[in-house]
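Input sequences plus hints: build the corresponding full structure.
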Amino acid sequence: MPTFFISLIAKLISRASRLFAAGAGVTWPGEIALRLDKTISRKLSAQLKHGLILVVGTNGKTTTTALISHILTSQGYRVISNTTGANLQNGIAGTLILKTNFWGALNADFGIFELDEANLPALLAFIQPKILVLLNLFRDQLDRYGEMDTIASNWQKAIQPLKNAGTMLVVNGDDPLMAYIGINYPGACKFFGLEQNQNHQQKLSHASDSTFCLWCGTQLAYQTIYLAHYGNWQCPACHKKRPELESIHVEPILDGTYSLYNLKAAILVALLLNIPNEASVRSLKQFKPVFGRQEEFVVQGKKIKILLSKNPVGLNENIHQIVNKPDLPTVLLILNDRIPDGKDVSWIWDVDFEQLTESSKKIICAGDRAYDLSVRLKYAFSNNKVNKVHQSLKQKVHVFTNNQEALAEGLRALAPNDTLYILPTYSAMLDIRQILTGKKI
Amino acid sequence: MPKPKELSLTIAWLYPNLMSIYGDRGNIIVLQKRCLWRNIQAKIMEISLESNPQDLAQCDLIMMGGAQDRQQKIVANDLMNKKGPILKKLVEEGRPGLFICGAYQFLGHYYQPANGPRIPGLSLFDIHTIHPGPKNPRAIGNIAVKRQNEILVGFENHGGRTFLGPSAQPFGKVLYGAGNNGKDGTEGILYQNSIGSYMHGPILPKNPKLADWLIEKALYIKYATNIKLENLDDQIEESAKKSVLQKLKLI
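The listed protein sequences correspond, in order, to chains L and Z.
Residue 154 in the working numbering is what sits at position 154 of the first sequence, and the numbering runs on without skipping anything.
Residue 1228 in the working numbering is what sits at position 228 of the second sequence, and the numbering runs on without skipping anything.
None of these hints come from the bench; they were simulated from the model.
Just so we're clear, the structure is a prediction, and the values are computed from it rather than from any experiment.
Idealized CB from N, CA, C, for every residue including glycine.
Keep in mind that a hint or two might mislead.
Using C-beta positions, here's what the derived DEER-type ranges look like [stated by the list, open to error]:
| no. | chain 1 | residue 1 | chain 2 | residue 2 | range |
| --- | --- | --- | --- | --- | --- |
| 1 | L | 196 | Z | 1126 | 53 to 63 angstroms |
| 2 | L | 358 | Z | 1230 | 19 to 29 angstroms |
| 3 | Z | 1149 | L | 196 | 57 to 67 angstroms |
| 4 | Z | 1136 | L | 163 | 32 to 42 angstroms |
| 5 | Z | 1126 | L | 206 | 28 to 38 angstroms |
And the structure:
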């Protein structure tokens, strides 16, 4: 079926799905378009004047994609991106097709897409990007993905042949697994990572993976550890080590060590497209956080900040960020166990909540598994006198089964200049945003 | 008999770096806290590939979780050749242990993968496990199990189907979910004072009585007397369990 017709059908479906308030209406049109022509993404992306940039990783893809889009747009390029986070193949197809003109043709310079990690091999069978960004791979949604190693090895197999298409890799060298894939890539590859002496941890946190050498299986040694299993790694046995990093200057316009990685990745992509480092830094001064990722709101004169928390590493980093602020934070944790969140909530026991119970004013637990959160917190108080534990629990921790009430309580408990930090899983983030904005994404 | 103030336990955590991807650390946290809350000094001994197998003999309670295939292969070697014999002896003698998922499978006679040769286990538990192949769905989801007049809740995620041998006693009876193999209604194994199970969650946080059972067994083996643990206020844990049971429409 000619692209013209597919494009019409897709646009009708999108209208219809938005009419019925079923969300942004990108996924369905994309799904139908793919059914009608499974090469539609390839056909459309071939029309992009300068090609496709893909961003994969467990944490940071939405922000990194948005950073790259922001930089390129500021330089005058026409960019298409899956900003609503529809990151499966149908999301990419949908985003492309909905941007076609009446005749079904695409007028844009770059397509910049975040892609769900399990879907990379399938998409690469159809599309060879100009640049592929490998951010990281962390345990996420245990019940959905099963084995991280399987995903990584599938990535590697799918990435090797990209050399023939001239794809450039932009890789997080501080992540041993990403570096392994980059080093083994026969084509062009540039690495980013941190070199500074601040922002480092003393030892690997519990929520770390990939700490064994991928070449010889020996436990890795780290000169410096920045986050989870990221750092200046090397193998004491076979001497493989972190590859040389590109020199990239960033201004920390977003909080948290993890943000430095996202910023470096974006600026490096821009550098490869001949945009100077300083130009990127300047344009990013106007960058606004993406929905749910350090997104800020003001409600009834009170400040709210949403930090999406999908997995142990992400939640650890968010907790680390907020307990290191000058004042004790008031926190709203929302744990759901739906398909986008992962049905198995065992992962909260891999999170270091001990920092949070020690350094917080109030912790409100909400979501489908609010009680699981409260049990986790009970076992996270450092005082071992059980009476004190129950006292602290009663004083500090509150459980709500309704998000609206939980939010109201959070705002009520807030001191005048404080910020309410909301740490939700994915579906909970969409829900709380809907409450705050009155709109679905 | 030592006065309550002087009670202490050492809890062995087997392979914490390699076999700890499913939140099973929570079991260690719960065991330790429930001891400390009763003024029982509880120390965690991490047992890794490099540890001396004899260290295990100093432990009063043993916990081992699950892992990905690559890590399980590394551990299998160590268990079969170094730590296995002493672990077997301790469990046979009644030292209590909690073996989850991959650990549970290891302690059986063998694991038959979908492709490739049979992998021998420790033969401590009278069970064997078969992986039916990728075309068969994994057993993934919330699970509820009846044990000693109590309902336990957890989450399972396994491809392997485990079958109990003639001498094996199941840990519990499945009320919701698959359990050992999705067919015979059994979940896990109970052997001497040790438990093998597919239940993540992790298993102990929402099932505190089970944690206390393990602690009491450990104290009994160590001090050769029945020490009754003081009751703790487990309302929060009960609420969490109730919430899951309601979700599963079991209450």
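Going down the list of hints, with the structure as the test:
For the pair residue 196 of chain L and residue 1126 of chain Z, the beta carbons lie near 56 angstroms from each other, so the given range of 53 to 63 angstroms is met. For the hinted restraint 19 to 29 angstroms between residue 358 of chain L and residue 1230 of chain Z, the CB-CB distance of approximately 26 angstroms keeps it satisfied. A hinted range of 57 to 67 angstroms holds for the C-beta pair residue 1149 of chain Z and residue 196 of chain L, which are about 58 angstroms apart. Here the CB-CB span from residue 1136 of chain Z to residue 163 of chain L is close to 37 angstroms, well matched to the stated 32 to 42 angstroms.
Range check, residue 1126 of chain Z to residue 206 of chain L: Cβ separation about 34 angstroms, and the 28 to 38 angstroms hint holds.
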